[in-house]
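These protein sequence lines are chains R and Y, in that order. Using our numbering, you'd call the opening residue of the first sequence number 6 and step up by one each time. Using our numbering, you'd call the opening residue of the second sequence number 488 and step up by one each time.
Calculated directly from the structure, the hints in this document are not laboratory data. Note that the structure is predicted; figures quoted are calculated from it, not measured. Careful, some of the hints might be misleading.
Stated by the list, open to error - As a list, the in silico PhoX-like pairs of lysine-lysine whose alpha-carbon atoms are at most 25 Å apart:
| hint | chain 1 | residue 1 | chain 2 | residue 2 |
| --- | --- | --- | --- | --- |
| 1 | R | Lys67 | Y | Lys543 |
| 2 | R | Lys68 | Y | Lys543 |
| 3 | Y | Lys543 | Y | Lys571 |
Unchecked claim - Covered by chain Y, per the in silico footprint, the following chain R stretches (three or more residues, Cβ under 8 Å):
| hint | region |
| --- | --- |
| 4 | 56–63 |
| 5 | 67–73 |
C-beta: ideal position from N, C-alpha, C; glycine also.
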Amino acid sequence: MREMRETRGFVLGPYNPSPTTGLVDVPPRRRLTVWNALWLIAEGAWTILVGHWVTLRNFWRKKVTDQYPHRQARRNWLPGPGYRGDFALITDWKTWELRCIACLQCQNVCPSGCIHITPEGRGRERHPVEFYIDAGLCQYCWLCVEVCPASAITMTPDYETAVDTPRKLIRDIDYLRTRGLEFDDVQRPLEAQQTAEAEHEDKGE
Amino acid sequence: MIADWAERIRAFSEGLCTRFGIPGLLVDVLAWIFGAIFVLLLITVVALAAIYLERKVSGYIQSRLGPMRVGPIGLFQTPMDALKLLEKEDIVPRDADRFLHLLGPVLLVSATVMMFAVIPWDVRANVGRWLDWEIGLLYLVAVSGIGMLGIVCGGWGSNNKWSLLGALRGVAQLISYEIPLVLAAMCVVLQAETLSLSQMVEQQQAGIWAWFLWRPWLMLPAILLLIAGIAEVNRTPFDIPEAESELVAGFHTEYSGMKFGLFFLAEYTHLFVVGLLFAVLFLGGWASPLGGSNLPFEGLVWLNLKAWIFVLIAMWVRWTLPRLRVDQLMAMCWKLLIPASFAALVIVGVVLMYA
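Looking at chain R on its own, in the form it has when it is part of the complex (with noise of 0.2 Å):
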């Protein structure tokens, strides 16, 4: 076999040096020689099978196509950790209230301006009484969510947040806050960077 691997260096003509590189390893000049000829087509055509082996194994093969939204492989799949999905405003479990304090450091600093809060109160009673969000006009660059002194902000990773009207693209405090409870457990935007940067680091980059 291996001998027959050397006869790949066949010429049929005088050899032509490189003209670019000068010197070059010039490969064992043989002749064509009719056996040889009839091995390389031999060659060629076991390659060819063996493709056609593999290409048929294949076809017979478990299918791995998932056919998503009419039926899923794996059910209530979440993308990893430090996915940036759907918004969440989170809600304290002592006081049943949500943890934000109203100081619109994340609507100043959001870069396309999707955020608007009305806030309310003085102090400590200071609260949103309306958040809105607009996920269209939203990039989802995560400033708001490091910005934020009480940890109240978030994105969860809900992916299936498609809507059929541009209206509905624009969140409300309600439904801020649903998104918050359910997927409190999920996902805390400290702990979430954390993960993300211990996976980052793991990675050696």
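Using the hints, position chain Y against chain R.
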């Protein structure tokens, strides 16, 4: 006893004509019309089925499912695509030769349809009355050459460099690969001692072991015909004329709407016709593999099944092998296939002379 339904249709139309006093010449015209309707229905169904099958086969080979959404298991996907092509706007480039631009797909499709004329569908059942020619094979090969003109017309008339390059490559390829195709068919002619396709089938009638494929000296021609046949219909290991990575879409770059659809129709119909030819030459045509056919339309079913074997093999090859370069393509034809087919011809001749 033998399924002579074609004779019955002919007798029926003859009876119809005598009943209504129509002259005898019109009997043939009527028979031709029957045949034309049959062929047109057949190519529509065959092309739709072949495109659906191609999508499914490619999907399965790539571990996908293929079309699944339109209709049950995606069955309506191809008819819907055909409808979409029908209602799309027909765009002709401003500087194109409008006549040649139109002539391209028309020639290609008509050449392909003309090839159906001599296919023996059953005992004495050709499309026309007199088309069971002694020179059926010669006619088939000659007519398949017209398709090249369609490619040239399309490529030249589009006034586009990609189209022209694709057309030129296509013609070079088709002319080259016709030689091994014809030589491989000649081996069968030597064996059968006739050019008539129906007589070839009659010699393979006895059952599966009477097929020409099992004669040891005809196995090499069968492989050559398979390769050259796939090259004749410009399918993927040999789809130089429409190499997407180099030529956009080759000779049908500038086509849209139903003209593009006609190219597709021609491609899959041509594939099916080559499959029919392969079935007739090597797989016993309409003859049942069990020997003797008793049911009406049985020959039709067998012939179609055998042709689909070829079509499936062509699809399998297409989704396995990568495309050849132009020079590799030509080298393979002129340095490998043509010498091999000449050798096969000599071998068959010597074997038949001394055995």
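- Find the hints from earlier in the document that the structure breaks and name them by number, from lowest to highest. none
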